[in-house]
Structures are given as structure tokens and as C-alpha cells.
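Engineer: So you can see what is in the structure, the chains are spelled out below.
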Amino acid sequence: MSGPVLVIIVAGLALIGWLIARARAAAFRDGGQRFSSLPGHHGWYVALWLLVPPLVFLAIWAAVSPAMVTDAVLATPAAAQLPPPGFDRASILSEARALAQGRAYGAFNALSQRLAPAYATAQDRYDWIATGLALLLSFAGGAFAFVRVRPGFAARTRVERIVMGLLLAASLIAILTTIGIVASLLYEAGRFFHTVPVTDFLFGTHWSPQVIDPRDPGANLGAVPLFWGTFFIGAVIAMAVAIPFGLMSAVYLTQYAAPRTRRWMKPILEVLAGVPTVVYGYFAALTVAPAVRALAVSLGISWASSESALAAGLVMGVMIIPFVSSMADDSLAAVPSAMRDGSLAMGATSSETIRKVMLPAALPGVVGGVLLAVSRAIGETMIVVMAASGVATLTANPFASATTVTRQIVDLLTGEAEFDSPKTLAAFALGLTLFVVTLLLNIVALTVVKRYREAYE
Amino acid sequence: MTARNVHVHYGPKQAIDGVSIDIEQDKVVAFIGPSGCGKSTFLRTLNRMNDTVASARVKGDIRLDGQDIYAPEMDVVQLRARVGMVFQKPNPFPKSIYENVAYGPRIHGLAAGKADLDHVVERSLTRAGLWNEVKDRLSDSGTALSGGQQQRLCIARAIAVDPEVILMDEPCSALDPIATAKIEELIHELRGRYAIAIVTHNMQQAARVSQKTAFFHLGTLVEYGATSDIFTNPRQDRTKDYITGRYG
Ligand SMILES: Nc1ncnc2c1ncn2[C@@H]1O[C@H](COP(=O)(O)OP(=O)(O)OP(=O)(O)O)[C@@H](O)[C@H]1O
Ligand SMILES: [Mg+2]
Numbered sequence: 019m020s021g022p023v024l025v026i027i028v029a030g031l032a033l034i035g036w037l038i039a040r041a042r043a044a045a046f047r048d049g050g051q052r053f054s055s056l057p058g059h060h061g062w063y064v065a066l067w068l069l070v071p072p073l074v075f076l077a078i079w080a081a082v083s084p085a086m087v088t089d090a091v092l093a094t095p096a097a098a099q100l101p102p103p104g105f106d107r108a109s110i111l112s113e114a115r116a117l118a119q120g121r122a123y124g125a126f127n128a129l130s131q132r133l134a135p136a137y138a139t140a141q142d143r144y145d146w147i148a149t150g151l152a153l154l155l156s157f158a159g160g161a162f163a164f165v166r167v168r169p170g171f172a173a174r175t176r177v178e179r180i181v182m183g184l185l186l187a188a189s190l191i192a193i194l195t196t197i198g199i200v201a202s203l204l205y206e207a208g209r210f211f212h213t214v215p216v217t218d219f220l221f222g223t224h225w226s227p228q229v230i231d232p233r234d235p236g237a238n239l240g241a242v243p244l245f246w247g248t249f250f251i252g253a254v255i256a257m258a259v260a261i262p263f264g265l266m267s268a269v270y271l272t273q274y275a276a277p278r279t280r281r282w283m284k285p286i287l288e289v290l291a292g293v294p295t296v297v298y299g300y301f302a303a304l305t306v307a308p309a310v311r312a313l314a315v316s317l318g319i320s321w322a323s324s325e326s327a328l329a330a331g332l333v334m335g336v337m338i339i340p341f342v343s344s345m346a347d348d349s350l351a352a353v354p355s356a357m358r359d360g361s362l363a364m365g366a367t368s369s370e371t372i373r374k375v376m377l378p379a380a381l382p383g384v385v386g387g388v389l390l391a392v393s394r395a396i397g398e399t400m401i402v403v404m405a406a407s408g409v410a411t412l413t414a415n416p417f418a419s420a421t422t423v424t425r426q427i428v429d430l431l432t433g434e435a436e437f438d439s440p441k442t443l444a445a446f447a448l449g450l451t452l453f454v455v456t457l458l459l460n461i462v463a464l465t466v467v468k469r470y471r472e473a474y475e
Numbered sequence: 025m026t027a028r029n030v031h032v033h034y035g036p037k038q039a040i041d042g043v044s045i046d047i048e049q050d051k052v053v054a055f056i057g058p059s060g061c062g063k064s065t066f067l068r069t070l071n072r073m074n075d076t077v078a079s080a081r082v083k084g085d086i087r088l089d090g091q092d093i094y095a096p097e098m099d100v101v102q103l104r105a106r107v108g109m110v111f112q113k114p115n116p117f118p119k120s121i122y123e124n125v126a127y128g129p130r131i132h133g134l135a136a137g138k139a140d141l142d143h144v145v146e147r148s149l150t151r152a153g154l155w156n157e158v159k160d161r162l163s164d165s166g167t168a169l170s171g172g173q174q175q176r177l178c179i180a181r182a183i184a185v186d187p188e189v190i191l192m193d194e195p196c197s198a199l200d201p202i203a204t205a206k207i208e209e210l211i212h213e214l215r216g217r218y219a220i221a222i223v224t225h226n227m228q229q230a231a232r233v234s235q236k237t238a239f240f241h242l243g244t245l246v247e248y249g250a251t252s253d254i255f256t257n258p259r260q261d262r263t264k265d266y267i268t269g270r271y272g
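For the protein sequence lines, the chains are A and B, in the order given.
The numbering of the first sequence is the numbering used here, which starts it at 19 and goes up by one.
The numbering of the second sequence is the numbering used here, which starts it at 25 and goes up by one.
Calculated directly from the structure, the hints in this document are not laboratory data.
There may be inaccurate statements among the hints.
[Claimed, not checked] If the Cβ cut is set under 7 Å, some of the chain B residues that face chain A in the computed set are:
{"id": "1", "residue": "A105"}
{"id": "2", "residue": "M109"}
{"id": "3", "residue": "K113"}
{"id": "4", "residue": "I131"}
{"id": "5", "residue": "L134"}
{"id": "6", "residue": "A135"}
[Said to hold, decoys possible] Some chain A residues judged to face chain B by a derived CB distance under 7 Å, without partners named:
{"id": "7", "residue": "P262"}
{"id": "8", "residue": "G360"}
{"id": "9", "residue": "A363"}
{"id": "10", "residue": "M364"}
{"id": "11", "residue": "G365"}
{"id": "12", "residue": "A366"}
{"id": "13", "residue": "L381"}
{"id": "14", "residue": "P382"}
[To be verified] Here are the simulated DSSO-like pairs of lysine-lysine, each with C-alpha atoms no more than 27 Å apart in a straight line:
{"id": "15", "chain 1": "B", "residue 1": "K159", "chain 2": "A", "residue 2": "K374"}
{"id": "16", "chain 1": "A", "residue 1": "K374", "chain 2": "B", "residue 2": "K138"}
{"id": "17", "chain 1": "A", "residue 1": "K374", "chain 2": "B", "residue 2": "K113"}
{"id": "18", "chain 1": "A", "residue 1": "K468", "chain 2": "B", "residue 2": "K138"}
Where a beta carbon is used, it is the ideal one built from N, C-alpha and C, also for glycine.
Please construct the entire structure, taking both the sequences and the accompanying hints into account.
Structural biologist: Below, the structure is given as C-alpha cells:
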């Protein structure tokens, strides 16, 4: 029986259980006595017990059953002709599976054609086992719950507890996913550092993954130019744009703008944050980059790149403005108005008040916001893929080409690539580095912001 | 400082209706009255802090040394240096104690050089009765002081620019009795040097610190006279009801 049908059957069982349990609980309430649990709670208690165990079982089953099916297929005589473990074997097996499940109609490999029936039988058998077990669990759970439907039973608190458990499980899924991603990143990066020394990667200044000497793969995988490029574009140029403009617009919006101006100006600024980054990418590559190059040429820099750090950084800065502005806005708004009044009452003008009292008071929050913005900028990918260069150069000249970590990850993983060469594995090492740096930035920023919020509670 | 026939509106709502009052040098004036009657509003017209409220409109004639403070040529910056203000909740700036007091003199360019500024800071803190408590920790943050100390710091900050009038809006309502007693003592000492107007909800406090008392009710000035008269022998029934506690 297929998964969806099974789920519908279990849900139907739960509905029936709910109705019966409710009716039964309603019957003993007729005595006129009052209980803490309403009939509905008894109904839900039984329904949840009918529903949750088989669903949990099916979720686990979905994860482990393919391996069991494959094992069963490998035990058949036809599997003896399979090539040794490796790429070919895996592709024949997956082809056979596709045939068995009716997702493919012809096979490249005669062997997969022969293995397909074995797959189909094994799959069928395991499906029936799953169905049986799921229904068994459902009935067992339902029976367990149903015998408890008695007058004094606190179904209400039990239901509450089950609901809490479900909510907890839901929140754990996000956390587990993150842990899984980090684990796979660590694993792949670990494989990379098996062949390339950490020091070569972190401190090497030469990056050209296209040509890797198998005897010394670390020689061409020194990531310093990438780290520098990322820092230069994301933390220097982009912030040089985003901090002043973001801060000034926040100051204007919180301190000067009339409520009516603020009402239309703030949303417009926030629209800037909603522009898809790929659109910024076009803008950077097609409009800003040529303009920057033309400017450089007119300044006499004839070698100026059309994939300059400046173009990518400027556009990235514009992208980050609303982010900085809204963080600064929040921080300024959190400064008690008593500070402002105190300063104004001393005879300070608005701008003196802002410079000498409001901004210093809001500074920790602003700094936290800027750190968060930096962490976003260095993780930003689309703009640099479209506007930055693919060539790693170690330069502080904004008109020269520069590349970033994210851009290189994309380059390393697109196109023809085997998945265990140092070249592709380097992408994971870069990803891990980026992850660690952004994580640290976020932790620092959030602690700073939190401390600051507490100071004015 | 004289106010004649002052009206204040917040949007369409009238908060002060035709108030006339004289605030004399060497005297402390207490403003009393039930909550919402417009005491703070009136106080804030005296240093034009109502300018910061977009909806507020002020009519009438308010003069400081004969000069109309709402005249177009009046410089608000100068006015606020001459009419200082202390708020209900202590609001020291998140700066050092020294910087808090030096803030006004710096803005108004009152000190010629570091030594002069040091002197102004010391003098203001001494007058505010805080010098002995903080002289060894001038670089600590002003917000690290106790509530009562913070309020005296705010008073020191206000007198550092040598104002003629000091307005205090319930300066003790966030303080405990001991800190309150210190502020009251301080008001006694400051009298004579500055004209002081203080808003208070505490009748005993008004009786203790002020020479004159103004009773406000629903935006109007009901009675204004010597504190001893107001408390022992009020002319208006409403005043009597209020100070004897019969009015909620
Ligand atoms: N910013 C404002 N905008 C609109 N109305 C205001 C504003 N400030 C005060 N009011 C109104 O003006 C009236 C007088 O307020 P005010 O704060 O002067 O009273 P108060 O006598 O100081 O009261 P309390 O003793 O509670 O401090 C009140 O009705 C109040 O609602
Ligand atoms: Mg008030």
C-alpha cells in the first residue's frame, strides 16, 4: 500500500477514535458530575494516540527502508554480476530502482533491466510490512488510550502534554537540520584537509584551482586572496556605502522626519531590502561596473577591470543600506526620549543632541547592527557572482578585479567536476570558513545588541 | 519671569486656559493640582520645551527680564540656557559624571579652557551637594549613580550653565524619602541664587520648600498666593478641598 493511502487510513482511524471516545466521555458526563476534562479532550487524547505512533514510525521507515530494499536486491542471484562498489554499481542500482518504480521506461544497462523485477518484489514486500506495522502501532496506541477514557481521567493535561511534545519536535527539526548541514560541511572539509594542509589553505596567497598539482595540491589552494577580496568588497567598500547612508537615513527618519513623511519613507526604504539580489546583480554588472571602469579610465587607469571590486562593493553597500538603517533606527528609537529632552532642555540644538547624546547612547546597538550587516555582506553571493571577478588577485586597488569566497564556491561547484577532487572539496572548506566567520560575527553582534537593549529596559 | 494670559492647545484640546503668574527671583514657587490639570504643560511653556511637541500651540505673553520669549527673534538655545529644567525621572546622559556636567558649558561655550571647565564642574557639583560623593569618580558613568544622586547630577547639569530660572517637574517622585530630603535641602540652598518653579504632588513638600504656591485645576490657575496663606487659609473652596484631600 502506498504511503499517502496509508496516512489517509490512519487519519480516518483517528477520526473514528475521536468520535467514539468523545461519545463515550459524553455518556459518563450525563451523570451530572463535573470533570476537569471535556469530552473533546478525551477524543483528542485517543485520536493523537492513534495518529502519532504510526506517523513517527512511517517517517523513520521512509529513511531506512530504501537501504533494506537494496540489501534484499543484492541478496538475489542476479546481483552477483554487479560490478564492485563504485560509480557504475550505484548507477545500475538506481536505474533498476527507477524501472521498478515505473519512473523510467528503458534502461541503458541490461543488468538493471534484469534487477528491476527483484527490486519490485522487495519493494512490495517491505511496503506490506510497513503497512502492517503502522496499522498495528495505530491500533496499539488507540487501545492504550481508549481503556483510559474513564470519568476521572485527566485527558486535558495529557493532550496538553502531547501537543507540547509535537511543538518541541517541530522546533527540533530546524535545529537538527542545521546540525546536519554543519556536520556534512565538517565532514567534507575534513576530507579536504586530509589532502591539503590547513596552513596552506588558510595562509597561502596563491589561488588557482583550475590547475592543481596532484603532488602538492596546497600550492594552488591558498585562500588568502579570497578572504581579502571578501573582506575588501563586503566589509570595506560595501560598509563605506551602507554605514553613512544607513545611519543618516535612520537619523533623519527617527529625529527629523514628520510622522507623515516617516510613514511613506520607511516602507520605501524597506522595499530596497526586498529587491531580489539577482536584480542587484544585473544592476552591478550591467550599469555600475561599466560606469566604474569608465571613471577609472578617465582618471588615467587604463588597466581598470570591468569586474572591479568597487562595482560589486558599491551595489552590495546599497543592498545593505536598509539593513543598517533599520538596525540604527531601532537603536535610536530605544534611547529613552528623556535623554533627548534632557539635552534639548540644556539648550542643545537637534543636531547637537543627536551627535552628542543620541548617537553615543545608541552606539552599541548601531555597532551590533553593522556587524550583522557585515556578516550578511560577506555571505552575499549573487551580486559577486554576476559582478565580481573569478580571478583571485591580492590587491587593495578598488578598480582592480577581486573575487570573494562565495563567488569561488559557486565557480568550484559548477561545471564538470568529480566530487572528491581537492578542487571541489575546497568549496566545502571555503563554506566552513565562511560559516564560522559569520557565526562568530552574529554571536558578537547579538550579544552587543542584547546588552544594549538591557541597559535601557 | 512673568506669564500673562497663557493658553496652550494640543491639537484641538485645550490644556492651559488663560494662566497669569509671576515667578520671582529669590522665591520658590510650587505648582500643585490634580493629575492632568496642566502643571507640566505650563512649566514646559516657560522654556519652550513645548516646541518639541508637534501638536502644541502656545498663546499669550511670557517674558523673561522683560523680553518676550516667544518673540521671533528669541533664540531658543539662549533661552534654555537661562531657564534650566529638571525632569521627573533622573535622566543623566550615558556619559561620565564630569561630561554630564560639562555638557551645557561646552555647548554654550561658557568655559575658556580645561581648567575653567574643571572649575565650573566642581562648582556646580558642589552647589548640587554632590561633589563630596563623586569627586573621586568623576569619570564613572552618570547612569551608575543611585537615583537620588542622579537627580542631583541633573540639577548640577542644569546649574552649570548659570541659569536664572530652574524648572523642576516632580523632581522627587522617583526617589525615596532620604533622597527626597536631600533634594529639598538643596532647593533651600539654591533659593536666592535662582528663581525656582517646582511641580509636586506632595502637599507637605510644597509647604516645606516653597514661598508661593499656585493651584491649578482643569487648565486654569485657581489660586496663587503665599504658601502659608494657601495652606492655612485658602480663599477658594476648590483649593481647600484639594489640599485637605477631599478632592481625588
Ligand atoms: N504631548 C501631548 N499631546 C497631547 N496632549 C497632551 C500632551 N501632553 C499633555 N497632554 C494633555 O494635556 C493635559 C495636561 O497634561 P499635563 O502633563 O500638563 O498634566 P500634569 O498636570 O502635569 O499632570 P501630572 O500631574 O499627571 O503630571 C492632559 O489632559 C494631557 O492629556
Ligand atoms: Mg506632569
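Engineer: All hints are to be evaluated individually against the structure, with a verdict given for each.
Structural biologist: Hints versus structure:
| no. | hint | result |
| --- | --- | --- |
| 1 | A105 | holds (4 Å) |
| 2 | M109 | holds (4 Å) |
| 3 | K113 | holds (6 Å) |
| 4 | I131 | holds (5 Å) |
| 5 | L134 | violated (11 Å) |
| 6 | A135 | violated (14 Å) |
| 7 | P262 | violated (23 Å) |
| 8 | G360 | holds (4 Å) |
| 9 | A363 | holds (4 Å) |
| 10 | M364 | holds (5 Å) |
| 11 | G365 | holds (4 Å) |
| 12 | A366 | holds (5 Å) |
| 13 | L381 | violated (9 Å) |
| 14 | P382 | violated (10 Å) |
| 15 | K159(B) with K374(A) | holds (24 Å) |
| 16 | K374(A) with K138(B) | holds (19 Å) |
| 17 | K374(A) with K113(B) | holds (20 Å) |
| 18 | K468(A) with K138(B) | violated (37 Å) |
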